[in-house]
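Protein chains: 4
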Amino acid sequence: MADGEIKVDNDPVFKGIDPIKYEGPDSDNPLAYRYYDKDQMVLGKRMEDHLRMAVCYWHTFCWDGFDIFGAGTTDRPWHAARNDRAAADAKMAAAFEFFTKLGLPYYCFHDVDVTEDSATPDELSNNLKRAADRLAAYQEATGVKLLWGTANLFSNPRFAAGGLTNPNPEVAACAVRQIRDCLEATNQLGGENYVLWGGREGYDTLLNTNLDRELNNFGRFLSMVVEHKHKIGFKGKILIEPKPHEPMYHQYDFDSATIHGFLQHFGLEKEVHVNIEPNHATLSGHSFAHEIATAVSLGIMGSIDINCGNYQNGWDTDQFNLDVRDITLALIELLPSGGLDTGGFNFDAKVRRQSSDLDDLFYAHVGGVDALARALLSAADIIEKGEIAKFKAARYAGWESSDLGKMMLSDGASLESIADKAAATGLNPSHTSGRQEMLENLVNRSLK
Amino acid sequence: MADGEIKVDNDPVFKGIDPIKYEGPDSDNPLAYRYYDKDQMVLGKRMEDHLRMAVCYWHTFCWDGFDIFGAGTTDRPWHAARNDRAAADAKMAAAFEFFTKLGLPYYCFHDVDVTEDSATPDELSNNLKRAADRLAAYQEATGVKLLWGTANLFSNPRFAAGGLTNPNPEVAACAVRQIRDCLEATNQLGGENYVLWGGREGYDTLLNTNLDRELNNFGRFLSMVVEHKHKIGFKGKILIEPKPHEPMYHQYDFDSATIHGFLQHFGLEKEVHVNIEPNHATLSGHSFAHEIATAVSLGIMGSIDINCGNYQNGWDTDQFNLDVRDITLALIELLPSGGLDTGGFNFDAKVRRQSSDLDDLFYAHVGGVDALARALLSAADIIEKGEIAKFKAARYAGWESSDLGKMMLSDGASLESIADKAAATGLNPSHTSGRQEMLENLVNRSLK
Amino acid sequence: MADGEIKVDNDPVFKGIDPIKYEGPDSDNPLAYRYYDKDQMVLGKRMEDHLRMAVCYWHTFCWDGFDIFGAGTTDRPWHAARNDRAAADAKMAAAFEFFTKLGLPYYCFHDVDVTEDSATPDELSNNLKRAADRLAAYQEATGVKLLWGTANLFSNPRFAAGGLTNPNPEVAACAVRQIRDCLEATNQLGGENYVLWGGREGYDTLLNTNLDRELNNFGRFLSMVVEHKHKIGFKGKILIEPKPHEPMYHQYDFDSATIHGFLQHFGLEKEVHVNIEPNHATLSGHSFAHEIATAVSLGIMGSIDINCGNYQNGWDTDQFNLDVRDITLALIELLPSGGLDTGGFNFDAKVRRQSSDLDDLFYAHVGGVDALARALLSAADIIEKGEIAKFKAARYAGWESSDLGKMMLSDGASLESIADKAAATGLNPSHTSGRQEMLENLVNRSLK
Amino acid sequence: MADGEIKVDNDPVFKGIDPIKYEGPDSDNPLAYRYYDKDQMVLGKRMEDHLRMAVCYWHTFCWDGFDIFGAGTTDRPWHAARNDRAAADAKMAAAFEFFTKLGLPYYCFHDVDVTEDSATPDELSNNLKRAADRLAAYQEATGVKLLWGTANLFSNPRFAAGGLTNPNPEVAACAVRQIRDCLEATNQLGGENYVLWGGREGYDTLLNTNLDRELNNFGRFLSMVVEHKHKIGFKGKILIEPKPHEPMYHQYDFDSATIHGFLQHFGLEKEVHVNIEPNHATLSGHSFAHEIATAVSLGIMGSIDINCGNYQNGWDTDQFNLDVRDITLALIELLPSGGLDTGGFNFDAKVRRQSSDLDDLFYAHVGGVDALARALLSAADIIEKGEIAKFKAARYAGWESSDLGKMMLSDGASLESIADKAAATGLNPSHTSGRQEMLENLVNRSLK
Ligand SMILES: [Co+2]
Ligand SMILES: [Co+2]
Ligand SMILES: [Co+2]
Ligand SMILES: [Co+2]
Ligand SMILES: [Co+2]
Ligand SMILES: [Co+2]
Ligand SMILES: [Co+2]
Ligand SMILES: [Co+2]
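Protein chains in written order, with the numbering used here: chain R, 3 to 450; chain B, 3 to 450; chain L, 3 to 450; chain W, 3 to 450.
If you're looking for bench data, these hints aren't it; they were derived computationally from the structure. Fair warning: there could be bad hints in the mix.
Which copy is meant is left open, so a pair is good if it fits within one copy or across any two.
[As the list claims (entries may be wrong)] Derived lysine-lysine pairs resembling DSS-like cross-links, with alpha carbons at most 30 Å apart:
#, residue 1, residue 2
1, K387, K423
2, K9, K392
3, K47, K17
4, K272, K450
5, K450, K23
6, K450, K103
7, K237, K394
8, K237, K450
9, K387, K147
10, K423, K131
11, K17, K450
12, K17, K147
13, K47, K131
14, K47, K450
15, K387, K103
16, K387, K17
17, K17, K40
18, K17, K394
19, K103, K272
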């Protein structure tokens, strides 16, 4: 096979595993979908088009099971002793076999995920070009599409103090170069978004940090990314992924509200959106639904890295999210706004380190896919029944229907005119029940 | 004594306690200052003028020691069976005796702190007028000044679902009225700031919450506050106090960065500043120094509610902050920016529920005052030695001194021009030590 | 009506609310059970006998909606201006009407919940006697039974530094007296357990705490409780409720494992069991399932205070638990051990402060009851399918089936003999997949 | 140089760094001790003998700066491409040069820290024998002593599901063998303790875990360790290091109280002690002082891994602890009990990943050593002044001095006799101030 050629379905890695099919809720087949029926219409749209699911390249194909306390555990035939060209090619073949067998429409990658180890920035640049050609061929052969690409600005030791926010201009310039290359590769591959995750854009201690310099550089270079996107005609969205800390003590992309503030400061709030991850929401003290609702309200909702942490440990465990109720609560914030546009649900999740078999990759994704589908069905039921929306509308009706509400929102209103009105009419209102438990019951009633 | 008259130093409540004096670090007198010597010059300014300390009215004079599990424990002669006019007057006399004996220049209050219980908004409005006259008389008599006033929009049951963000326009109108009245009272009293703390501006569940409506109303009414401030000629700053949650599940004023985003959205980022509280920083996952550094960098630094929580329990314990190192780390972020302008250090702190004696109020404040003074001396030493600032400057010097840095910050620079330059020069930089431990040692070296 | 007489169903408080009935999963009636069908057989036992549900007296009948930032919000006709005898009697009538309309078999109380305010310990003692007679009459009239009673050793200011662990012997003696009285009242009422929750048994600061004295006193007095239980012939279990902190900074009953250690230290591990609360599990860094599994494994499983917190805020919110998956995960740890013996599921949960209507009490309990029933059905399905248990058995089979496993567990085995055997046989085993995701999928498959 | 030979001070790695000396608080030399003057007498003992400080081998010599998001950053000449024999020998030479230059009396190690990579358990066993001989020679040559050794039962992939608690007897047997070998090596080297840290003794999910089996095996094998210690005449203490989670979701050695419960269950509470780490205390929701006070009270205090985390991030950052106040609070719990016996203060701390230079290792340790010494001086001052101890004694005096207290602690006392006495004497005590703030001020007053 010549260097540029790819192999598809020839000598499969996942032997004995057939494409995953929908078999309905009563199926006991652990490798079937019980809820994900991609062509089923939900709220007027195919399930597949609602969820736009993607497999991530890094956790599933690049991670060998190591953690901070121990070496890799996983049985992955494509993990050669080192990540040379042959290993990278084998990995890519396995990845597209996996995507295809799962039957999901998208994948996502970092530049270093799809390339062999590169000793220098020049090598990485060249290796990415070669990898992009191969990815294009695989996409063509399998129909799998690219949800988003991203540059890894955190693994190379040079990025220990950040990429775009590094104190050293040389390092920042390398970061810029990687982004330029990866944005162009993403464009070439028809990627529907380009993501920046501030892997180390933050600080470990304020004692050695010039906050103004770092934030200004971050804004400046982000503006350049947006400018370049337009220049090359990239149609996708530019996304930032909130995460409050880890690996850094503090990260500038703390949460959606913080990012919105930052974007406004640099006039980018119409150009950049967020890629929300439930586990990162947890780390920043928010629910998944809160982050979605906030991004929707601020007009910066982009895409979702679906996963979860657990609430007992304070780091990013990136587990497969099987919490149907929690996802449902997020979906009823998302769907009424029109749902995902160019975004999708990317499984930024990894099997536990003890789940060392190849099969475990399938179990994990099948469970994750089904939890999303089940949540979609549940959220659709809530929305179709409409009782929560109706309650909410009635609760705020005074702002549209009462004279006082209208006056308070009218053009001439002032602190004084409202206060005077309150005094003149002797306003002395009492509290009205918020009915939280009744509403929570309605959610449970619709849970599939 | 006629209704409008006040008493000063006549029949003192804190019998046997003399005005607190500075006696130096070697003093063993538990009711003397060991570090706070108000006229001592530090970095070219009197200690008193650096720290601008204030006693808060609520924790120290209104709280009776109750908590969610039990009734009041404290021995406070001004706590009559109910908070009627006589009780409120006795409380005010005790408060000014306390302020005076501590020798601190400022105090802070909520409208309901300084008034008797009011059955209606009308009564509150009238009671506040009377109280303001009395406060003015006490200020005149004692020389104690008002750091800030604020309206309590959270204790009355009507505010269960928020004040300015209440679903019911009638409740919001009452909130507006209280703010108008209290802002005017603050102005009358020469207050140097006016604070809004979103006591219940947030939500308990998204299921009954219209986020857009609440945020828009919040922005709208806040704009009216700013407008009214200018109209009445109030010279002080309008401040918002960040707090992520408690009592609400989520509060809109989550942290400084969130507030800055919100302010920009409504064009208020030049008009409104933040009142930072260490315990609230803790609840939002930040260090005290982080919140100060962020507010300074974003240009919204206002004032400080000095206190602390503990790191084991997740609610707002509002303890007196004796952590000199932690305060020092915040001060070295604050002082180089010019320090507090109209702001101050308000002791928004309460004695533990078990500290039930009158004396405990003095012990607590004396310890808190001294911790601030000691931190000021420590921070001044760090700043005067200048080693941390020098290290930091050198770390970022490439942005001003290297050709690459200058090019990256120059007008014509683009993603492409920087990436091309990195490629053309074969940039392949490595990491440089951030020297965190060495810098942390320098802090400890300067701790008094 | 003479003092000792009670009223039942005469002038109901919850007007217009009929007894709650089972209507099946398809019902849209918000005041019907959709899963709780008390006579339905599950794993060979009636649902009611599995779950043994109880309503708590305090949150539902004594709390007026106050929180640390504001006054009561709730509309409760039995809350007179003060809790005098008439108010206490009205409250009791309402409580039994509520229990009966819900159709749950049990309730739980603190001594101060069922009595009017008592100015002295003597009054409390007398008031409790009267209240117990009335409770007995209500139990007789309605068929509702007592799951457990407990003495409130935290609300009276005298208990600010603890009850049984108070530094002052006089306070500890008062605590002993209250326990004695309440244990005897519980016995009189046929209570199936007696609970001690260390409301303030802990410390706020080590600086004023003699840990040895407090722990030894705690053990000593707990032994006396056990002794007295046997003396008076009380047949129920003595339970301790773990909670790591709040209101105290640290509480001695931190979690189940800590309590087990404490019980062993005083030779009480056969005599005392635990009353586990999910929200307290959360506060101590554990999952609900963990606390159940630990208590079962240590042989101290007693009863459950069913509720939940949220994972964003760090205090005890005592919300109604609608997380069916989370409860199911706990039930599959509990049921195989034989389930609840004398214990039950007590709704130690309160409506949100904004849920101020009488109806909200019903919505909340109906939702909570149904979540438990749905979790029971889900857990039963997992247990009946048996796949998880089978996987687990196979994973540990080596300890019973292999020569090595048997040798390691045999009587003569030593560090040396095992190490020598490992060396002699050149043992060099590798890891086997733990299949976490596959098992998690099995749970989701059984969720109703 | 023949294989068994060692080199000392011959071709130093830390060139240009002289032995660290005490220069007093006024020194500005960043590589001098400002507080640690080892021969200074404090509370009747030399500083060195109080603190018994040790350098840890793993963080300082084995870790290359990698984290979960990126590769190693550190400049360490002994880190060859792989950890072969030459690299391991170079590392050992560097380690003893470092120990000696710091002038600290002790070090600590894991078996895999001091050996080259071993492909099999047999190789590890042999490599450890060789390494122990070399360590013995270094100890002899330098006078540095071994505080404790430990076996690494978490890095090899075979231990993914635990060591002693592994579901597979073969893996547990390998764990036993490693412990046997390492305990004997520790004995050979005159180690003063042997530590077991349950690196992966816990579970990731209850779904695949047999809690009874794992806990019973853990107890059983721990008993064998104790038995073997006595058999070989090892004089040191056996220690367990509490940690609540990380890497596992839950770890059995959660905290000191949990370990005490476990030890009692297996009759080991006199044989095994704890090795407390502040960062692990943080993770389990405790203060450092709490863990020390608990271990002292329960009689299981052993040794200390001194470090700290930060309170914002929820994982084990193992930072150098410069918080003098926090260490002081722990020392005033430790010193009155007699202080460390065979234990010491082991710097289980690592420089930040950005602190990549060799010099940073010195800065970090110098700062850590000085913080301990400064805390020792502070704690000694508190103890010598005696005011806190005196307050505490008075607070509990009623138990020894009052008739009621004596009666309650006397042999015949019962729930009934105490309750009757309380009733008969009409006890109605009130609360007495706990004076927390006054006591906290006393701590600050003594801080150096
Ligand atoms: Co992600
Ligand atoms: Co993540
Ligand atoms: Co405040
Ligand atoms: Co606060
Ligand atoms: Co409870
Ligand atoms: Co609770
Ligand atoms: Co350690
Ligand atoms: Co650690």
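Each hint tested on the structure:
{"no.": "1", "hint": "K387 with K423", "verdict": "neither (39 Å within a copy, 59 Å between copies)"}
{"no.": "2", "hint": "K9 with K392", "verdict": "neither (54 Å within a copy, 40 Å between copies)"}
{"no.": "3", "hint": "K47 with K17", "verdict": "neither (34 Å within a copy, 45 Å between copies)"}
{"no.": "4", "hint": "K272 with K450", "verdict": "neither (37 Å within a copy, 43 Å between copies)"}
{"no.": "5", "hint": "K450 with K23", "verdict": "both (20 Å within a copy, 22 Å between copies)"}
{"no.": "6", "hint": "K450 with K103", "verdict": "both (26 Å within a copy, 29 Å between copies)"}
{"no.": "7", "hint": "K237 with K394", "verdict": "neither (37 Å within a copy, 40 Å between copies)"}
{"no.": "8", "hint": "K237 with K450", "verdict": "neither (37 Å within a copy, 43 Å between copies)"}
{"no.": "9", "hint": "K387 with K147", "verdict": "neither (35 Å within a copy, 39 Å between copies)"}
{"no.": "10", "hint": "K423 with K131", "verdict": "between (68 Å within a copy, 19 Å between copies)"}
{"no.": "11", "hint": "K17 with K450", "verdict": "neither (33 Å within a copy, 34 Å between copies)"}
{"no.": "12", "hint": "K17 with K147", "verdict": "within (24 Å within a copy, 56 Å between copies)"}
{"no.": "13", "hint": "K47 with K131", "verdict": "neither (36 Å within a copy, 61 Å between copies)"}
{"no.": "14", "hint": "K47 with K450", "verdict": "both (19 Å within a copy, 26 Å between copies)"}
{"no.": "15", "hint": "K387 with K103", "verdict": "between (35 Å within a copy, 28 Å between copies)"}
{"no.": "16", "hint": "K387 with K17", "verdict": "between (45 Å within a copy, 28 Å between copies)"}
{"no.": "17", "hint": "K17 with K40", "verdict": "within (24 Å within a copy, 49 Å between copies)"}
{"no.": "18", "hint": "K17 with K394", "verdict": "between (52 Å within a copy, 26 Å between copies)"}
{"no.": "19", "hint": "K103 with K272", "verdict": "neither (37 Å within a copy, 55 Å between copies)"}
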